[in-house]
Amino acid sequence: MSDIFYMTQESYDKLSDELDVLKSDGRAKVAAAIAEAREKGDLSENAEYDAAKDAQGMLEAKINEMEKSLANARIIDESELDTSKVTVLSNVTIRNVKTKQEVTYKLVAPSEADFKEKKISVKSPIGEGLLGKAVGDIAEINVPSGVMQFEILNISL
Numbered sequence: 073m074s075d076i077f078y079m080t081q082e083s084y085d086k087l088s089d090e091l092d093v094l095k096s097d098g099r100a101k102v103a104a105a106i107a108e109a110r111e112k113g114d115l116s117e118n119a120e121y122d123a124a125k126d127a128q129g130m131l132e133a134k135i136n137e138m139e140k141s142l143a144n145a146r147i148i149d150e151s152e153l154d155t156s157k158v159t160v161l162s163n164v165t166i167r168n169v170k171t172k173q174e175v176t177y178k179l180v181a182p183s184e185a186d187f188k189e190k191k192i193s194v195k196s197p198i199g200e201g202l203l204g205k206a207v208g209d210i211a212e213i214n215v216p217s218g219v220m221q222f223e224i225l226n227i228s229l
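Numbering-wise, the sequence shown is residues 73 to 229 according to my numbering.
Since the hints were derived computationally from the structure, they do not count as laboratory data. All figures in this text were calculated on a predicted structure; none of them were measured in a lab. It is possible that some hints are incorrect.
Calculated cross-link-like contacts (lysine to any residue; reagent style SDA-like; alpha-carbon spacing at most 25 Å) [stated by the list, open to error]:
id, residue 1, residue 2
1, Lys-172, Lys-205
2, Lys-140, Asp-186
3, Lys-178, Gly-201
4, Lys-205, Asn-168
5, Lys-188, Leu-203
6, Lys-191, Thr-171
7, Lys-191, Asp-149
8, Lys-178, Thr-159
9, Lys-170, Ala-206
For each label pair, taking beta carbons as the anchor points, the in silico distance ranges come out as [to be verified]:
id, residue 1, residue 2, range
10, Lys-112, Asn-214, 48 to 54 Å
11, Gly-204, Ile-147, 18 to 24 Å
12, Glu-137, Gln-221, 32 to 38 Å
13, Glu-189, Glu-108, 34 to 40 Å
14, Glu-189, Pro-216, 22 to 28 Å
15, Asp-122, Ser-228, 47 to 53 Å
Where a beta carbon is used, it is the ideal one built from N, C-alpha and C, also for glycine.
From just these sequences and the hints, can you work out the full model?
Structure, rendered in structure tokens:
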């Protein structure tokens, strides 16, 4: 069984638009590169042809992955989410119990994760450790350097 991908309508539309571009423009560019490389003669020793075929394989793999994501997508309506516990799309403020450092993250689907924007995947160790916790709970999260403890300070949308 495939994983379910939770995402907002905006993210779904963005992924769908990107897929459409890859299917049309991306495939056309790869086909043109393959045709150009074929014109250069012997395919058995043609590095440009090999590179174009590799690019085609990577493009098709990406298209396939995006199609799977869209097929298994579940659209989340933020207005229906409960803020009593950490869920997908929650903004959660946590404090590192050891260092007392506070940070706020938004938990998002893996395809939307962007650490620079403080959007972390619900599939990441921290995301998984925070899911289902309430304000005041301590989340113990296994990271490569050991176990970290975070206190949940606030949950919002």
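Verification of the supplied hints:
At roughly 19 Å between alpha-carbon atoms, Lys-172 and Lys-205 fall within 25 Å of each other, so this suggested pair holds. The suggested pairing of Lys-140 with Asp-186 holds, with an alpha-carbon distance near 21 Å, which does not exceed 25 Å. Restraint check: the Cα-Cα separation between Lys-178 and Gly-201 comes to about 14 Å, which is no more than 25 Å; the hinted pair holds. A distance of roughly 15 Å separates the Cα atoms of Lys-205 and Asn-168; the hinted pair therefore holds under the 25 Å criterion.
Restraint check for Lys-188 and Leu-203: the C-alpha separation of about 21 Å stays at or below 25 Å, so the hint holds. At most 25 Å may separate the alpha-carbon atoms for a hinted pair to count; Lys-191 and Thr-171 meet this at roughly 21 Å. Taking the CA atoms of Lys-191 and Asp-149, the gap is near 18 Å; set against the 25 Å cutoff, the hint holds. A hinted pair counts as satisfied when its Cα atoms are at most 25 Å apart, and Lys-178 with Thr-159 qualifies at roughly 10 Å.
Straight-line distance between C-alpha atoms of Lys-170 and Ala-206 comes to about 20 Å, which keeps the hinted pair within the 25 Å bound. Remark: the range hint 48 to 54 Å for Lys-112 to Asn-214 is upheld by a beta-carbon distance near 53 Å. Against the hinted window of 18 to 24 Å, the Cβ-Cβ separation of Gly-204 and Ile-147 comes to about 21 Å, which satisfies the hint. A hinted range of 32 to 38 Å holds for the C-beta pair Glu-137 and Gln-221, which are about 35 Å apart.
For Glu-189 and Glu-108, the hinted distance range of 34 to 40 Å is satisfied, since their beta carbons lie about 39 Å from each other. Between Glu-189 and Pro-216 the beta carbons are some 23 Å apart, a value that agrees with the proposed interval 22 to 28 Å. About 52 Å separates the C-beta atoms of Asp-122 and Ser-228, a value consistent with the hinted range of 47 to 53 Å.
The structure agrees with every numbered hint stated previously.
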